[in-house]
Amino acid sequence: MNLSNITLGQYFPGNSPVHKLDPRYKILLTLLFIVTLFLAGGLITYLVCAAFLIGVILISRISLRMVLKSIAPIGILILITAVLNIFYTPGETELLSFWVFRITLEGVYSALRMIARIAMLVAGSSILTYTTSPILLTDAIESLLSPLRVLHVPVHEISMMMSIALRFIPTLIEEADKIMSAQKARGADFESGNLLRRVKAMIPLLIPLFVSAFRRADELALAMECRCYNGGEGRTRLHTLKASPRDHAIFFSVLLLFVAVSVAGRFGY
Amino acid sequence: MDAILRCENAAFSYPEGHGEVLHGVSLSIERGSFTAILGHNGSGKSTLAKLFNAILLPSEGKVYVDGIDTGEEDRLFDIRRRVGMVFQNPDNQIVSSVVEEDVAFAAENLGVPPEEIRRRVDDALATVGMSDYVRHAPHLLSGGQKQRIAIAGVIAMQPECIVLDEPTAMLDPAGRRDVMKTLHRLKEELGITVVLITHHMDEALQADRVVVISDGCVRMDATPAEVFCRHEELTALSLTAPESVLLLAELNRQGFDLQLDAMSPEACADAIASALQE
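Protein chains in written order, with this note's numbering: chain V, 168 to 436; chain S, 25 to 302.
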C-alpha cells in the first residue's frame, strides 16, 4: 500500500485565472455545477458540462492525470452504480436478456449518464481543492457561513479546525508511512490475509499514529498560544477576500451557462 | 543593565508532582544580547524557557518581561508579543499550508492591518533568507527551512526577544548552520535579544554569555570562554567542553602550561604552535 498517492484535499499552487477567482465564488460555482450535473438530461447538456470541465482544467493548468487520479478511488462506487443502473432501469429496447436479467438500451444510457455524472462531480470538486489554497478555502467557507454567527455557530473555530486538519494531512501521511516501514522492518505484514486480518494488522500502525497526533496537537496549541492566538475576535487577515469586478463577471456568466444547461436538460437535450 | 527578561528567585513545580523542577532561579537577560542556556536533558532548561513568556507561571518568585510581571493576566498578549518562542519540532508549530500565511499568523492574531502584515511578512522572510519560498507548502521544505519559517513567524510579531527551545535538535548539520546564522542576523541587524536553549556546545560557544543549568539551579554564568575553561566542573554536570579545550587540558596534564581559552580548532592549533616555539 502506498500512502503517497492520496490526493484528496491537496493544493497545487499556481497563477491561473482559475486559481485567482474569488474562492467564495469558486465554492458556489462548484456546488452549482453539481446541481447542474443532476439537472442535465441528454447528450448535448452532458457534452456542454464535460466541455466546461475540460476547459476549466486546461485553464487551471492542472495536469489531467491528477484529475483522473482523484476519480480513481471511487472507481468501485462508479462501477456498482453503473451495474445497478444497467439492470434496474426499465426500458423498451431490449438488448440482451438472460435468466431474470434484462438489459435495455435505456439502462445502458442511464448507466453511462450516471458514470459521467459521478466522474464529473468528483473531478469538479477536486479542481476546487487543487486550485484553492486550504486557507483560502476555509476563509471562504468562514465568509459564506458568517451569517450563521447570529445563531451562535462558532464559524471561525470551525474554519480554523478545518484548515489545521488540512495542514496536517501530509504530515500525518508521511508519519504513517514511516511507522509502516518501521513495523514492516519488525516483521509486520499489512498486505496478506483476509480483510479481518488486514484490519487487525493496522492496529500497530494506528496506535502510534494517534499517540503522535495527540502530541502534535498539544505542541501546536502551545505554539499557537505563543503567537498570540485568541480566537477570531479582533483578528485581521493577510489576504482579505475581495471579489473584483472580473470575479463578478466570471461568476454571473458561468451562472448563466449553468442555468441554460439546466433548463435545456429539463427539456431533454 | 537594561534587562528585557528578569527572573527573581523563580521556582517551579508541575502540578502533577515530580517535585520542584526549578529552585529559586535568579537571572537577568540584557536587551540586545545573545545568551545560551546550556543544560543536559531534564535540567529544567525548557521549563525555564516557558517561564519567559508566561506559558508557565513560577510557583514562587517572579518573572518580569520588559518590566511586566508575567503573572498579570490581562497583559498576557503584551508579554507574548514581546517574547517570541520557537520550539524543537518545526512540524508542530507551523499552522498554515502556505509559507506566507504561516508567517502572517501571529501578526493576524494581533490585529495588524493587512498592508502592514504584507510588509512584515516580506521583511521577515527576507531576514531569514526564505524570500524565494513565499507561496511554498511548508511540508515540502527541509527541517532547517521549516525552522527558519517558524522564526520568521515570530519576527513578524516584531518581538523584543526570541526564546528558542533546542531549535536545532531535529536538524541536519546544514540546517543547524543556517538557523544559527539567522539567529546572529536577528541580533546584529534587528537588535532582537536571543535566548538559545541548547545542549550543543558549539552553539553555546557562539553566544555572548552562557548560563549553565543543572538540576533546576544556575551553576555557571559567564562568557563562553570562561565557562568552557572550567571543563572539570562541566563534566561533573554531564556536559563536555569543546574538544579544543579538552586537548589543551590534556597537554597541561603532561607538563605544558597552556591557556585553556581556545574555543576553535584554529585557536587551539595556534596556542600549541606558540607553546612549541618557546
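Since the hints were derived computationally from the structure, they do not count as laboratory data. A few of these clues could be false.
[Said to hold, decoys possible] Chain V is nowhere near these chain S residues, computed Cβ spacing over 10 Å in every case:
hint, residue
1, Glu32
2, Lys86
3, Gly91
4, Asp115
5, Glu124
6, Glu132
7, Gly135
8, Pro137
9, Asp156
10, Glu212
11, Gly279
[To be verified] Cross-link-like lysine to any residue pairs, in silico, SDA-like; alpha carbons within 25 Å at most:
hint, chain 1, residue 1, chain 2, residue 2
12, V, Lys187, S, Gly48
13, V, Lys351, V, Asn361
14, S, Lys86, V, Leu389
15, S, Lys74, S, Gly48
16, V, Lys187, V, Phe419
17, V, Lys345, S, Glu190
18, V, Lys187, S, Asp146
19, V, Lys187, S, Leu164
[To be verified] One side only, chain V facing chain S, incomplete, derived with CB under 8 Å:
hint, residue
20, Tyr178
21, Lys187
22, Arg191
23, Met329
24, Leu333
Where is the CB? At the ideal position from N, CA and C, for every residue including glycine.
Inset, instruction - Using 8 Å as the Cβ threshold, decide whether V/Met329 counts as touching chain S. - result: violated, 11 Å
Inset, instruction - Verify the proposed pairing of V/Lys351 with V/Asn361, using a straight-line Cα cut of 25 Å. - result: OK: V/Lys351 and V/Asn361 at ~18 Å, within 25 Å.
Inset, instruction - May I ask you to test the interface hint for V/Lys187 with respect to chain S, counting a Cβ-Cβ separation under 8 Å as satisfied? - result: violated, 13 Å
Legend entry - 25 Å limit on alpha-carbon distance, applied to hinted pair V/Lys187 and S/Asp146: holds, 21 Å
Legend entry - Pairwise hint evaluation, V/Phe419 against V/Lys187, where the allowed Cα distance is 25 Å at most: The given pair, whose Cα atoms are some 16 Å apart, holds under the 25 Å limit.
Inset, instruction - Quick one: work out the minimum CB distance from S/Asp156 to chain V and report holds if it exceeds 10 Å, violated otherwise. - result: holds, 13 Å
Legend entry - Outside-interface status for S/Glu32 - nearest CB in chain V farther than 10 Å: holds, 23 Å
Inset, instruction - Say whether it holds or is violated: S/Asp115 keeps its Cβ farther than 10 Å from all Cβ of chain V. - result: S/Asp115 not clear of chain V: closest Cβ-Cβ about 5 Å, inside 10 Å.
Inset, instruction - Please confirm whether S/Glu132 is truly not at the interface, meaning its C-beta sits more than 10 Å away from all C-beta atoms of chain V. - result: violated, 6 Å
Legend entry - Straight-line alpha-carbon gap V/Lys187 to S/Gly48, limit 25 Å: Status violated; Cα separation ~57 Å.
Legend entry - Hint validity - V/Tyr178 Cβ closer than 8 Å to any chain S Cβ: The hint holds - V/Tyr178 has a Cβ within 8 Å of chain S, the shortest such distance being about 7 Å.
Legend entry - S/Pro137 non-interfacial with respect to chain V [C-beta, more than 10 Å]: The claim is violated: S/Pro137 sits with its nearest Cβ about 6 Å from chain V, within 10 Å.
Of the numbered hints given earlier, the model fails hints 4, 5, 6, 7, 8, 12, 21, 22 and 23; all others are met.
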